[in-house]
Amino acid sequence: MTTALDTDSDPKDRFISAFEVNHGQTLNGTSASISKQREDAIEHFAELGIPTNDLELWKYTNIAKIIDRPYTLPLGAEPPSVDESDIAPFLIDDMNAHRVVLVNGRVDESLSDIGELPSGVVVSSLAQAGDEHPDVVEEHYGRYADYEDDAMTALNTAFVQDGAFAYVPSGTIVEKPIFFLHITASDEDLFLQPRHLFVVEDGAIAKIVEAQHALTDAQTFTNTVGEAFVGERGNLDHYLFQDEGHSASQVHTRAAQQKDNSVYSTQAVTYTGEVIRNNATVEADGTFCESNLFGLVIGKDDMHVDNHTRMDHVQPDCNSNELYKHVLNDESTAVFNGKVYVARGSQRIDAYQQNDTLVMDNDAQIYTKPELEIYADDVECSHGATTGQVDEEGVFYLRSRGISERQARILMLQAFSEEVLSELGIDAFRDHVTELVRDRFATYV
Amino acid sequence: MSTSETEYLEGKASEEYEHGWSTDIESETTPKGLSEDIVRYISDRKNEPEWLLDWRLKAYEYFTDLLESGHYPDWAHLDYERPDFQDMHYFSAPKDKANYESLDEVPQEILDTFERLGIPLEEQKALTGVAVDAVMDSVSVATTFKEKLKEKGVIFKSFGEAARDHPVIVRQHLGSVVPYTDNLYAALNSAVFSDGSFVYVPEGVECPMELSTYFRMNEKGTGQFERTLIVAEPGAYVSYLEGCTAPMRKETQLHAAVVELIAHEDSEIKYSTIQNWYPGDEEGNGGIYNLVTKRGICKGDNSKISWTQLETGSAVTQKYPSVILAGDDTVGEFYSVAFTKGHQQADTGTKMQHIGKDTKSTIISKGISADVADNSYRGLVKVGKNADDARNFSQCDSMLLGPDCGAHTYPYIESANPSAQIEHEATTSKVGEDQMFYCHQRGLGEEEALKLIVNGFCKEILQELPMEFAVEAKELLAIELEGSVG
Chain A
1 MTTALDTDSD PKDRFISAFE VNHGQTLNGT SASISKQRED AIEHFAELGI PTNDLELWKY
61 TNIAKIIDRP YTLPLGAEPP SVDESDIAPF LIDDMNAHRV VLVNGRVDES LSDIGELPSG
121 VVVSSLAQAG DEHPDVVEEH YGRYADYEDD AMTALNTAFV QDGAFAYVPS GTIVEKPIFF
181 LHITASDEDL FLQPRHLFVV EDGAIAKIVE AQHALTDAQT FTNTVGEAFV GERGNLDHYL
241 FQDEGHSASQ VHTRAAQQKD NSVYSTQAVT YTGEVIRNNA TVEADGTFCE SNLFGLVIGK
301 DDMHVDNHTR MDHVQPDCNS NELYKHVLND ESTAVFNGKV YVARGSQRID AYQQNDTLVM
361 DNDAQIYTKP ELEIYADDVE CSHGATTGQV DEEGVFYLRS RGISERQARI LMLQAFSEEV
421 LSELGIDAFR DHVTELVRDR FATYV
Chain B
1 MSTSETEYLE GKASEEYEHG WSTDIESETT PKGLSEDIVR YISDRKNEPE WLLDWRLKAY
61 EYFTDLLESG HYPDWAHLDY ERPDFQDMHY FSAPKDKANY ESLDEVPQEI LDTFERLGIP
121 LEEQKALTGV AVDAVMDSVS VATTFKEKLK EKGVIFKSFG EAARDHPVIV RQHLGSVVPY
181 TDNLYAALNS AVFSDGSFVY VPEGVECPME LSTYFRMNEK GTGQFERTLI VAEPGAYVSY
241 LEGCTAPMRK ETQLHAAVVE LIAHEDSEIK YSTIQNWYPG DEEGNGGIYN LVTKRGICKG
301 DNSKISWTQL ETGSAVTQKY PSVILAGDDT VGEFYSVAFT KGHQQADTGT KMQHIGKDTK
361 STIISKGISA DVADNSYRGL VKVGKNADDA RNFSQCDSML LGPDCGAHTY PYIESANPSA
421 QIEHEATTSK VGEDQMFYCH QRGLGEEEAL KLIVNGFCKE ILQELPMEFA VEAKELLAIE
481 LEGSVG
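As they're listed, the protein sequences go chains A and B.
Under my numbering, the letters of the first sequence match residues 1 to 445, in that order.
Under my numbering, the letters of the second sequence match residues 1 to 486, in that order.
Chain A with its partners taken away, still in its complex shape (with noise of 0.2 angstroms):
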């Protein structure tokens, strides 16, 4: 069942009247937590409204105009028919690992692959989930990401139906990388709103890989949110790959929480897409808690990527490091908006965020904002923001080495994006998305 959003009312209007006429039927829920919040995130995201550029946070991605579009909402359990074929491209051959296939947001078990997990973990999806694991859900969904002050947050909480869902339980160690592979198929214009939710308990060990594709040139807009909690001494590492192509849209939110001593790595490769907005959010709510953001945006055509995060420092003792790093081509455009906050009695922090971009085409554009907001006085934060080209005593030294100047400069962009993508713990996903980084600069020079 898909119910057309009317276009003639206000783009608001459209989800809440979609709102109520689907409400108690394919909207209830399968955990008590999320048909509870649902209600009272459809009345935030009515107070709040849709994004517009006049909000600070939205300044300068124009989202209102990308959803004043006539989507369709997805609300059935139909997903299309896809099949192997169909996903193999998109599969990493030489990453053995736990994998399980969405589509439009739904899992698709005849897809999946999960294989032998060990006891106690849970891959599946959010809403099988909440039937047989309702402890966790209720104790974890809807406490990081924020429904009450972000509208595409409330509003994924209001419509939310399924989506991601991992558990590791206290000291187990998942050696093999739990792979979700998310594929949009539809000849509609779909409105999506996966959501995720993975939870490492005290002392667990994951690595989560996300990638999203699409075989679909339709117009879509996926409102993802994912929310993660790595209990005390946990450690999580936590990867997206965005490839949805030049007709995909997407608010991608990843709020996580940490508790003491604990790790949690996060890494946003964006390599296609429309507009697309991340907000990455970490909570250090716990002692020596160690936080990686990290970002690579290689942009083409007219390509907008907006990364937004914040890194919450709440807790003393902590250290967290951000790196995001732009290469700009043709018309696209790319924002950065970092923000690390200390709050009070929150000493001994070292927070580190760096911004760097290289723009090629004369039609690029940077927008940067580096913030700190710092409330405790023993603490080393620093930023920096640089934008520029390719260093031309750098192309010279090469080529001075005899190597051809188109050469020179693709290799001097691998070594630029290396920084970051020499972060991706796992080395099969690592040189999978290395290489299609590595084809687009070819395509450069």
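Since the hints were made in silico from the structure, they are not lab data.
Backbone N, C-alpha and C fix where the C-beta goes; we use that ideal spot for every residue, glycine too.
Just to be clear, a hint being listed does not mean it is correct.
[Said to hold, decoys possible] Listed below are the simulated SDA-like cross-link pairs for lysine to any residue, each with C-alpha atoms no more than 20 angstroms apart in a straight line:
#: 1; chain 1: B; residue 1: LYS360; chain 2: A; residue 2: ASP391
#: 2; chain 1: A; residue 1: LYS59; chain 2: B; residue 2: SER429
#: 3; chain 1: A; residue 1: LYS59; chain 2: B; residue 2: LYS351
[To be verified] To give a feel for the contact side, a few chain B residues facing chain A, derived at Cβ under 8 angstroms:
#: 4; residue: LEU400
#: 5; residue: TYR410
#: 6; residue: SER415
#: 7; residue: ALA416
#: 8; residue: GLU423
Given the coordinates of chain A, assemble chain B onto it according to the supplied hints.
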């Protein structure tokens, strides 16, 4: 923090404002409130030409429109009560009227005031060669060195005088950099500005001395709205100094100035500010709201504008001295030290707009925060599509002197040109324990060590100030730091 440090901080917090008193001069003041009649009255009092009155009225209309439609600029990281625009006086003039030829004619009271601030006119005249246009509230009371400037053709007058004597130049440039539509406070200033300074340096002239104005706010509940306009013709050079202190006041005073700088081909304008107004008492009551619009335009090729500021006073400071780099090969600079303590709040920075080719800008900002103060740097570096080979370097460092203060950085970088090279870096930290240890080990006490370290932290900025100011600035910073060991 050790007990002795806490004691120091508490000692500092309870210190009285050094320059807090008021001079007893009878003055003539308009009734409270703002209306078209008040605007007309101010214009009339100053014998202004018709066009200026019209301009004021347009600004007034714009101001009321903005206010009625709820467009109050509240986006900064500042928390203060909005001023009640109907609850203040918009004009006051000392009764002993204006325009003295020599210092002898200036009332002794005013001279004493300056003496207590440590800036006696005679001494400056004799020792430093600085011409001082002393503004007491709104009307100029003393202008020295007029002759010498006259020789070179430099015009340095109160704004009111200039509007009457040089209407063509003033009319051409007034509002050309900061139009009254710029923001709420620029509109307010344009409507009710009482006086200020006007500087015109003709073609090829290097101004023979540092020009300096000391503003004082003196009437209870009077907001002061100066307006400064500096025009440098091709090849001219001028260095302008502005310094401020204000008497202690119970109620909050609003200060909304506008400064416009226009630099033509090959010219250079250097604008320095020391601001040390009443910051409010230890509970955070009272104090000056310093909400200022300052902007310069490098109109001609090869021109340069440089802003240097030392901000230590005011309860609330919001100002972004900016440069529009319109001509090719133009240079914009911003050097700033902002010191906040007690309940002070500052949201300050700059905007550098690169429009011409081969333009360069440098931003060095140092923020020091103590007690429960909040200090924010907010800046914009914008490179337009045609600004080939634009170059910017920004550095914003914050120092925290205590566990309860805040330091924030909001730099905006917008680039639409691939050949632009922009670098920004910012750090926030406290005084290094290793640095303190080194100083202790050399026999320096806690406070002396802190002064030394902070002085080093700010050195880059202070050395940009003209000699006369640099000494004063160092002294001021040392006084401010007393007790703030953290």
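**Hints the structure fails to honour** = Result: hint 2 breaks, nothing else.
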